[in-house]
Amino acid sequence: MFTLPQKDFRAPTTCLGPACMQDLGSSHGEDLEGECSRKLDQKLPELRGVGDPAMISSDTSYLSSRGRMIKWFWDSAEEGYRTYHMDEYDEDKNPSGIINLGTSENKLCFDLLSWRLSQSDMQRVEPSLLQYADWRGHLFLREEVAKFLSFYCKSPVPLRPENVVVLNGGASLFSALATVLCEAGEAFLIPTPYYGAITQHVCLYGNIRLAYVYLDSEVTGLDTCPFQLTVEKLEMALREAHSEGVKVKGLILISPQNPLGDVYSPEELQEYLVFAKRHRLHVIVDEVYMLSVFEKSVGYRSVLSLERLPDPQRTHVMWATSKDFGMSGLRFGTLYTENQDVATAVASLCRYHGLSGLVQYQMAQLLRDRDWINQVYLPENHARLKAAHTYVSEELRALGIPFLSRGAGFFIWVDLRKYLPKGTFEEEMLLWRRFLDNKVLLSFGKAFECKEPGWFRFVFSDQAHRLCLGMQRVRQVLAGKSQVAEDPRPSQSQEPSDQRR
Amino acid sequence: MSHRSDTLPVPSGQRRGRVPRDHSIYTQLLEITLHLQQAMTEHFVQLTSRQGLSLEERRHTEAICEHEALLSRLICRMINLLQSGATSGLELQVPLPSEDSRGDVRYGQRAQLSGQPDPVPQLSDCEAAFVSHDLSNRGIDISVFYQSSFQDYNAYQKDKYHKDKNTLGFINLGTSENKLCMDLMTERLQESDMNCTEDTLLQYPDWRGQPFLREEVARFLTYYCRAPTRLDPENVVVLNGCCSVFSALAMVLCDPGEAFLVPAPFYGGFAFSSRLYAKVELIPVHLESEVTVTNTHPFQLTVDKLEEALLEARLEGKKVRGLVLINPQNPLGDIYSPESLMKYLEFAKRYNLHVIIDEIYMLSVFDESITFHSVLSMKSLPDSNRTHVIWGTSKDFGISGFRFGALYTHNKEVASAVSAFGYLHSISGITQHKLCQLLQNTEWIDKVYVPTNCYRLREAHKYITAELKALEIPFHNRSSGLYVWINLKKYLDPCTFEEEWLLYCRFLDNKLLLSRGKTYMCKEPGWFRLIFADELPRLKLDEWNMRRFCDVLQEQKEALIVKQLEDAMRE
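Here the protein sequences line up with chains A and B, keeping their order. So for the first sequence, UniProt numbering puts the first residue at 1; every next one is plus one. So for the second sequence, UniProt numbering puts the first residue at 1; every next one is plus one.
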């Protein structure tokens, strides 16, 4: 049920005396090849066992037991991404390199953003921006964020800058919230499939777990659509966690959802919030894709637009520029909460999650420029997203492959179950490897804790030429005609990367 | 509700008249609210303690508890509001945490007993007022610890001194920031090479730091640390600040409850960083100011002292995983000689301890006759797999708002494990580009920045030390860093940490922010750290800083005399 350590970090380690440490230390300067071959032998530990120090091989003698677990996260999660980075596709320099349809980044609007960020109003440098400032974020930025969210979330009342805390990205926010809302070992409920990196964000510092609310693709009973979240399922998951002795402190909702590309209706949202209130659960609503709803017919509503929140003191909203402004490298995220205790507690950790004053200034300038956002950026961004989405969905239809996607986010949730003879996660992984061997990086369902093997997330928010080539490679694999030979090479049999959005 | 204690010291209103500005309405309201809170708590305790065991009674009790939760939340909010009103006049202070006893009530009791005007009414339990039922215990701990440590700093942020606009505002001689070269930095950062918005800077980075920046950091450290061989970019991890690096290191080197040794006095931020997330204990290796046979200079660190502290910690059953060294030292400004450094490293190796060396002030050595030796300049390290170096631009380049810190470690495992924190401590690609440009320009650094910076530091240091001499205040005279470690013992009677704290409060009352020795875990009461790296005009021409400083000491002196007279008369 949990991806996360079942044991406390304090659990005794496989005993390592000083002598033994030195021995291991001497074998340390091994070359890269040795490193690789060891990785091969080292199978992905069953996720359940991640926290068991014995599982995390004892070849690391310099680290604490939690340090070993943290390193495991790094080694396993980054591996696939590193494979991609070593052989990145480039139209001229490396045309046979890997096409990345796995990382959820919007690469369609760099021209617009680059232009905007190089305007003269962005280049301000002044002493106050170079010095220590309010750890919650510069007031000028928090004011802009409050105005921005009031407008784009259609808040019935103006949102307040004192309820805003600014950090270096959504990951930090998950980490800080997990730490201040839960004790080590407690849990948040999360409907699956979900953006898998949250597991790491809430675990590294917070050492908390995620309790899954498993959703099915099949439409049965009261469900009206695939992977539907209902209060019954929430209740059941909560009961199950309790029966296992796990204390649940909150619920994480992602809306628009990643990887489903779906949105919750105001009525659904209200039901989930009432459920949370009934059980005194915090609700973290991650709205990082809120402006990436490119189909007008999708009636997206921010939780901040609701007339009345059932439990405003326990409702915490997060947003960032990574997705909606396609700048994942900028590292800007923000929390909106009416709960001053939570805001203050998160701000207490901001010393460790701060961002440069100069960037804060640029963000304020960007968010303030309503004309450019409304008249240039959003229409163009949505048009490009829609075109890319149309292309990939047409391709999939032509292949007779079922998929889910309602017009929000950067991805399509693709059902490749018919390509798995036995319908196991091992086969899902094998298929993923065949894609990677054929130089296209995708994300497989297990990384999102999807219950059913065979689902993949396709990111479509990339330039047309890369997208076409990527889809061509996908087609080859599915037709069983990979260009690359079947024998997997060591460097490619590494673990997937879905630890980034 | 475990955080709420039964006794709630009521703030005395004795010093109302002495407040610079009139905020007394807040104080009065706050007093009333605190009384109310106390009364309410007692009332509910009575109500709920009368409970029986029948279902109905229990239900009744539950209902009461719910009411209580609601009321206490409302009251907490009121107190917070009043607090923010009151603190702008600094009528109320939560005591700074002492490591051993947070929210120590003794100060307040003592002040009340002695009939002294309590400079800052004690509200040890208004710490509890900061918290609510929505936070976890560790969340409460973090919040309270932060509030109590940074409340004065936050008050300063809201009410800064300005020579025209706010002459009554706070003057900050407490935060270690170099404001002497803002002109140079502002100019440099506005040059055209600084602005770049390439696609790659806007995309997800390598979480260890962009390769171009790590390469530049390796080159920069090779050059400025005089490394015998080229440092390897693969050994560099770049995060958003040195405190983030320290926090990540503490996480991966220690399990909760384990410890590092740190020679004290030491930079208080480490205590903060090790506690908030990592829950790692810092064990002070106490150094003394007195010069003796074994102590050839004040606050000398010797291997004997390290061994003693280590053995003592082990006797207490503590698991010590490492040693933290700051070089140039903060707050002493001492620089370790290569020989001493080697001894400390060998000591660490002997006991399998990691060594974290913070060299964040390495370019802020402003006396040309003194050479700083980085640990990276050593031909061979006794235990290179356990030696981890931290550096950042906050101090040496005076850009603390940039949020940049780097780790250099030969240990690939440690580097990988720390890299996992890249998600949570990442730096914007745009900022990484600027930093790379900044560090790359060796010519500007060598010919313009460092000479100017050192000259200005020297001048400011000269000015402040002359003033201190005129005031006959002893200080630890060193030529690095942005601070002087001064001894105000003679203003304390008796010489206790309580009195040190009261003096600190007297400074605060006069809107002067200083750091006191206790927060550096100094063993002897009476030491303060004074930052001098402020623009000379502010330091000198306005004469505000020093005038206020002198005024406070004068005031303290008079108070001491009055107290002595009173004592004499009582006898």
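These are computed hints drawn from the structure, not numbers from a lab. Note that the Cβ used here is the ideal one computed from N, Cα and C, for glycine as well. Careful: at least some of the hints might be erroneous.
What the hints assert, rightly or not - Derived DEER-like restraints, expressed as beta-carbon distance ranges:
#1 B:234 to A:244: 55 to 61 Å
#2 A:274 to B:315: 55 to 61 Å
#3 A:386 to B:234: 57 to 63 Å
#4 A:139 to B:297: 42 to 48 Å
#5 A:118 to B:472: 44 to 50 Å
What the hints assert, rightly or not - List of simulated lysine-lysine pairs, DSSO-like, C-alpha gap at most 27 Å:
#6 B:523 to B:490
#7 B:158 to A:147
#8 B:279 to A:247
Comparing the hints with the structure gives:
At roughly 42 Å, the beta carbons of residue 234 of chain B and residue 244 of chain A sit outside the given window of 55 to 61 Å. Our hint of 55 to 61 Å for residue 274 of chain A and residue 315 of chain B holds, since their Cβ atoms are close to 56 Å apart. In this structure the supplied range 57 to 63 Å is violated for residue 386 of chain A paired with residue 234 of chain B, their Cβ-Cβ distance being about 42 Å. Evaluation of the 42 to 48 Å hint for residue 139 of chain A and residue 297 of chain B yields a pass: the beta carbon distance comes to about 46 Å.
Between residue 118 of chain A and residue 472 of chain B, the C-beta spacing of about 57 Å breaks the proposed range 44 to 50 Å. Distance hint between residue 523 of chain B and residue 490 of chain B is fulfilled; the C-alpha atoms sit about 16 Å from each other, no more than 27 Å. A threshold of 27 Å between alpha carbons decides the hint, and for residue 158 of chain B with residue 147 of chain A the separation of about 22 Å falls inside it, so the pair holds. For the proposed pair residue 279 of chain B and residue 247 of chain A, the alpha carbon gap of about 22 Å is at most 27 Å, so the pair holds.
Consistency with the previously given hints fails for numbers 1, 3, 5, ordered from lowest to highest.
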